[in-house]
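Asker: Sequence:
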Amino acid sequence: MREQLLKIRSLVKNPQWLSAPENKQLAQQIVERSRELFYRYEPYFNRRDGKPGWQWKFLAAANDYSGRIAVAANRTGKSDQGAYECVLAITGKHPFRKFPKNGKGWIVGLDYNMVRDINLPKFNKMLPRNYTINSDFNKSDKIWYIKGEGREWTIQFKSSDSGREKFQGDAVDFIWFDEEPSKTDIFSECMMRLIDRAGIWWMTATPVNGTAWLKAQIEKDDVFDITAAMWDNPYIPLEEIKKQAAELTDDERDVRIEGKYVVFGGNPVFNIRILNKMLQDIKHDVPASVGILRATEAA
1 MREQLLKIRS LVKNPQWLSA PENKQLAQQI VERSRELFYR YEPYFNRRDG KPGWQWKFLA
61 AANDYSGRIA VAANRTGKSD QGAYECVLAI TGKHPFRKFP KNGKGWIVGL DYNMVRDINL
121 PKFNKMLPRN YTINSDFNKS DKIWYIKGEG REWTIQFKSS DSGREKFQGD AVDFIWFDEE
181 PSKTDIFSEC MMRLIDRAGI WWMTATPVNG TAWLKAQIEK DDVFDITAAM WDNPYIPLEE
241 IKKQAAELTD DERDVRIEGK YVVFGGNPVF NIRILNKMLQ DIKHDVPASV GILRATEAA
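The sequence shown begins at 1 in my numbering and counts up by one.
None of these hints come from the bench; they were simulated from the model. Every value quoted in this text rests on a predicted model; they were computed, and no experiment measured them. A hint or two may mislead.
Mimicking DSS-like on lysine-lysine, the simulated pairs with C-alpha atoms at most 27 Å apart in a straight line are [stated by the list, open to error]:
(1) K242 / K104
(2) K139 / K122
(3) K98 / K51
(4) K51 / K183
(5) K220 / K242
(6) K183 / K147
(7) K183 / K166
(8) K139 / K101
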């Protein structure tokens with residue numbers, strides 16, 4: 001895929017090739033497509049070592065695992081990558097997995113606001129024009145009926161806070177979770193929707209509220225997982241990353257900058273400084289009991 005991108009870019013920059021009569025139609029198509037995000041998008045290479053970044057590895061694992069999880073720091077391009085892979089499936093241009101000409105997919109965000117403000121805009125921006133011109137979007141149900149290049153797909157946007165019933169009664173070819181679902185029963189219901197079509201799922205998340213069930217998914221043999229640090233994104237100035245890191249607690253820095261999964265159990269683990277502050281704020285004239293439950297993980 002990278003070689004194809006480089007070849008297209010070299011042709012676009014070659015005036016002699018562009019002006020040749022026999023290349024006129026193809027040249028026009030290349031120039032038009034070079035203006036679209038989907039055809040310009042390229043998973044990045046790590047800043048620190050120049051090797052293919054997490055996005056390349058995430059794509060490459062698509063045909064070998066039933067599920068994939070990217071535990072990524074903020075600003076690592078995880079939502080862009082999730083939307084990009086959705087469009088790769090729809091257009092049949094996925095470099096590592098074959099998807100049907102006619103299919104269904106779900107895009108699952110945390111809540112309505114996230115779907116409206118993040119997932120929908122990113123997907124719409126990524127979808128090529130030759131697919132949008134013959135497609136219809138049902139705003140009330142948040143369903144895209146997509147047609148292009150002889151392919152037909154239905155993409156529905158869902159929020160994990162809408163309840164399990166909203167995830168029943170359908171069969172889909174793929175599900176992209178942008179952030180971990182707020183309820184485990186939503187995830188379980190989604191897995192049922194993939195059975196009939198032998199579909200796959202992928203999740204891109206910064207798990208600031210990480211829970212034990214997500215860690216259990218990561219440890220499954222048929223689930224690919226990868227971490228991504230903000231430092232590896234070559235498009236963010238290092239000084240900006242350092243500035244942001246300095247404002248965070250150690251736990252927050254591990255999750256938001258380093259892309260580590262550091263939270264275990266059913267609820268977030270408090271930083272000790274936060275817990276001490278809570279203890280200081282207790283009103284001693286009000287009867288209360290204070291306790292600390294320590295969870296340990298078996299080796």
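Asker: Which constraints among the numbered hints does this structure fail? Numbers only, ascending.
Answerer: Failing hints, ascending: 1, 4, 5, 6.
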